[in-house]
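Asks: Residue numbers (full-length UniProt numbering), protein chains in the order written: chain A, 1 to 456; chain B, 1 to 233.
Hints listed in this document are in silico derivations from the structure and should not be mistaken for laboratory results. One thing to keep in mind: the hints can contain errors.
[To be verified] Selected chain A positions facing chain B (Cβ under 7 Å, derived; list incomplete):
| no. | residue |
| --- | --- |
| 1 | Ser131 |
| 2 | His250 |
| 3 | Met325 |
| 4 | Ala355 |
[Stated by the list, open to error] Label-pair restraints from in silico Cβ distances:
| no. | chain 1 | residue 1 | chain 2 | residue 2 | range |
| --- | --- | --- | --- | --- | --- |
| 5 | A | Asp328 | B | Ser41 | 27 to 37 Å |
| 6 | B | Ser41 | A | Asp218 | 51 to 61 Å |
| 7 | A | Leu252 | B | Ser41 | 26 to 36 Å |
| 8 | B | Glu17 | A | Leu223 | 54 to 64 Å |
| 9 | B | Glu92 | A | Gln440 | 55 to 65 Å |
| 10 | B | Leu141 | A | Gln440 | 22 to 32 Å |
| 11 | B | Leu141 | A | Asn247 | 27 to 37 Å |
| 12 | A | Ser394 | B | Leu141 | 22 to 32 Å |
| 13 | A | Glu327 | B | Gly135 | 49 to 59 Å |
| 14 | A | Asn247 | B | Gly135 | 24 to 34 Å |
| 15 | B | Leu141 | A | Pro308 | 25 to 35 Å |
From a predicted model like this one, the values you see are computed outputs, not experimental measurements. C-beta: ideal position from N, C-alpha, C; glycine also.
So you can see what is in the structure, the chains are spelled out below.
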Amino acid sequence: MSQRSVKSASLRLTVLIAGVMVLVSLGGLWFQYAQVARAFDARQIEALQADLDGYSALYDQRRIPALRQAMAFRAETQTGYDRVFLLLDKQHTFLGGNISTWPDGVETTAKSFTADPVQWFDYTLPNGRRSAYMGVARDLPGGFPILVATSLAQREALMADMRVTIGWAVVAMIALSMAAGWLVSRLVITRIDRVNRLADRVATGELGARIPGARSDDEFGRLEAHVHDMLDRIESLQNATARLSDNIAHELRTPLNRIRQELDQVQGQEEVVAALKGELSDTVRVFEALLDIASAEAATGDKPGLVPVNLSELCVQIFEFYEPMGEDQARAMTANIAPDLWVLGDRSLISQLLANLLDNALKFTAPGDLVTLTLSHSDNRHCLTVSDTGPGVSDDIRNRLFNQFERGTPAHGATGHGLGLALVRAISARHGAKLRILPQNKGFAVESLWPKVDPM
Amino acid sequence: MTKPSILIIEDDPVSAETIAGVAQSLGCNTQVDVTYGAGLSAAMGGRFDVIIVDRMLPGGDGIDAIAKLRGAGSNALVLVVSALGRAANKIEGLERGADDYLAKPFDGDELRARIQALLRRVRMQTSDNDLLVFGDLEVRLKARTVHFGQTHIKVTPKEFDLLTFFAQNAGEAVTRMQLLSEVWNLHFDPGTNVVDVHISRLRRKLEAETGITYIHTARGEGYIFSPTAPEAA
């Protein structure tokens, strides 16, 4: 997993945790806000009802005159407009109250002196201020409209205060939730990240890498322990493979050496002895190449085994090593090698790769053909190409050419063991170089793209 | 002059016998040990000029002994003769202090050439000669130039290295694998005659400038540098 997606996973987790916390808290706050609003409304309706009960008692006693008297008295004694009340006659002439005009849009709907149904309306007060009210309006018998209402200003001020408080609480909660979410996601992601970093190191070939420190006694600790067990197993298998190839080498070469020494004791059959020695050398060479291929493949991606190598210098050196042979065989050899291009590599293996490619080119071309070694520099890789103007290879062989024991047809009867290009492929893979056969109109060309490092 | 002494640490009797035979034919005293422990204590205890050691010995890897020997102050030159014969094994051996590395199965002539080269180095350790002279032919090591009488022979840097290695081992056979590792620093067998091509060029160049054949093809797999020894050619 890349660092970027780890980060985004951490971000996602933080946002998720914070989001859930904020939503739950917002739900709670909204519920409380609604409760307060409801409770306040209920209290106001109760107060309104108390007023109405008073007016009802007066009306029952002495009808309209009592109401007029009471309203006149209240209008005189009450300061402000927390309560408004108004009594009109049939012609809608003012009879009593602390406001003079009937509010627009208010219908007389109530049947008795009960606070149900209540109506909400805005009203411009005699002092010029417009305010919201909740009240009851009814027609008293004989066509006398009466209005009793209570101001909502206090309620609105209280609810506005509460909204501001809730707003601040939400801001604080989001901040706290983000912090808590970040903390939780850090804890989780850091633990997962330890395993990811280990996996990255192992992927680059550092098979011996382990997570330092003690394992915790939880799921993460168990995950780390399992990964370690797995790596131990892989490492021991790889070591066993390496030991096996050493043992094969020892067990095969020692008797071959005895045969070789015994051959030196044979007298008088020089031709047979020479032929047998040749066979022995070939056997050892094939077997050595197979071990080289196996070992390069086993070490693929194993960066700790590699050191900075000046690929340009090495190309020049191996090219100059083969150039006289090319001239002797009447091949034209050219090299276009960009200077000072470095790779992370194993000098000996890269030498062998270059030698195999040039040797192949010389082997599969005819006098007069051109063999070219090119090393150039592209955006993020060094491009190494060995091409020739020989007969090339047929399409059916082309795809199998990097396989072991796959042979082309040498131009002048020379034979190989069919492992040269397989070794080239294994060495390329060992260095993370991308290898391919270039499509050619004429001849054969192998391109290998090397991960570059900065010059030393 | 006392005979050079060679310690052979080798558990395979046929190899040990062959190595001892070659060393004795070069006029050396030999001692053979068959285990890592016995070999190491012999090497620590005795004064040997050259130690020839196997790798997968009963008791340990011969290469591990080199550091111990050097730590104990031994100047003996070490030739590893081992069945671990891939380029990577050779490089590991040389990097860990071996002076030369020969893979099994080996050719008797190759072994002889390697031992001779080491014995030559033992003798040369005492002399600090900048100049190698063969009649009129002079190889100047510091200036990296070659002269024949008053004539300066122009050689490429690689030809100079090749000629120097030949001259330092004058009169003795040197093999292609020796040249590959000493002159080109390559530890694998290219499997073609690419080394021979370089040698015949140098030989022709020297012949053209001096009229003398210095480099002769030796019986088996190698060459001998000698201004006066056509008997090996």
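Asks: Please write out, lowest number first, the hints stated earlier that are contradicted by the structure.
Replies: As far as the earlier hints go, 1, 5, 9, 10, 11, 12, 13, 14 are violated by this structure, in ascending order.
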